[in-house]
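Q: Sequence:
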Amino acid sequence: MAVGGLYKGRKALRQGVLLGVVLLATAGFLLWWFQFRTTEQAPPPAGGTDYGAVELPPELVPPGMEVGHRAGQLAPDFYLPTLQGKAVRLSELRGRPVVVNFWATWCTPCRREMPQFKAAYDQYRDRGLLVIAVNVQEPEGSVRQFAEEFGLDFPVALDRSGEVSRAYRLLGLPATYFIDRQGVVRSVFLGPFVGQQGGRGVQGAIDNEELLRRLQEIMG
265 MAVGGLYKGR KALRQGVLLG VVLLATAGFL LWWFQFRTTE QAPPPAGGTD YGAVELPPEL
325 VPPGMEVGHR AGQLAPDFYL PTLQGKAVRL SELRGRPVVV NFWATWCTPC RREMPQFKAA
385 YDQYRDRGLL VIAVNVQEPE GSVRQFAEEF GLDFPVALDR SGEVSRAYRL LGLPATYFID
445 RQGVVRSVFL GPFVGQQGGR GVQGAIDNEE LLRRLQEIMG
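All letters in the sequence shown, in the order written, are residues 265 to 484 by the numbering used here.
By construction, these hints were calculated from the structure, which means they are not laboratory data. Beta carbons: idealized from backbone N, C-alpha and C, even for Gly. Errors might be hidden in some of the hints.
Unchecked claim - What follows is a set of in silico ranges between Cβ atoms, one per label pair, in the way DEER data are often shown: (1) D417 <-> R353: 15 to 25 angstroms; (2) E413 <-> E319: 18 to 28 angstroms; (3) F414 <-> E473: 13 to 23 angstroms; (4) E402 <-> P327: 17 to 27 angstroms.
Work the whole structure out from these sequences, hints included.
A: Take a look at the structure:
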């Protein structure tokens with residue numbers, strides 16, 4: 265009986281140790297998963313809204329106004345994750361002048377003009393200006409390296425699916441939309457693209473003088 269009791273005791277001890285190891289491993293996995301979710305992914309969209317192009321709230325569309333990508337129209341709304349681990353929704357920025365710049369790391373004009381956007385943001389952020397640099401369908405690691413290289417401290421949004429780019433009817437990069445405090449596109453500066461666009465002028469990187477002129481239009 266004593267031997268049997270000792271055997272049962274050792275068996276129970278082994279089972280207890282095994283259970284402890286399993287629980288510890290499970291706890292470690294859950295901790296890793298939680299940290300991964302909170303550090304590598306942006307918070308879930310409010311109200312269950314998916315990231316990408318979203319419908320502009322009806323109360324923000326005045327009678328007679330159209331939503332579109334052209335000057336004089338209300339800018340299409342979007343909700344995107346950012347490199348900073350947050351998310352940005354364009355319609356929530358009403359009351360602020362906003363520059364939305366679509367870009368990619370391989371785009372030479374994008375690289376030339378990005379320092380100018382940073383300088384303009386640093387100069388006018390106290391007047392409410394916000395620059396949103398929307399990267400188009402590139403790996404997050406490449407985007408982060410670019411943002412660190414240029415010291416970007418404004419939101420760098422990730423259009424992973426390309427849905428927002430399609431909503432703005434992009435034909436090439438860079439493409440910059442100057443949006444006033446009422447959410448109206450005041451001007452558009454387009455980079456190189458393939459195809460025709462009704463004779464509208466198409467440039468490469470925006471120069472500093474032109475950038476400042478367009479900023480004044482939306483800041484009032």
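Q: Decide, hint by hint, whether the structure agrees.
A: Now the hints, each set against the structure:
Evaluation of the 15 to 25 angstroms hint for D417 and R353 yields a pass: the beta carbon distance comes to about 19 angstroms. At about 35 angstroms, the CB distance of E413 to E319 disagrees with the hint of 18 to 28 angstroms. About 21 angstroms separates the C-beta atoms of F414 and E473, a value consistent with the hinted range of 13 to 23 angstroms. The hinted range of 17 to 27 angstroms is not satisfied by E402 and P327, whose Cβ atoms lie roughly 39 angstroms apart.
In summary, the numbered hints that this structure violates are 2 and 4.
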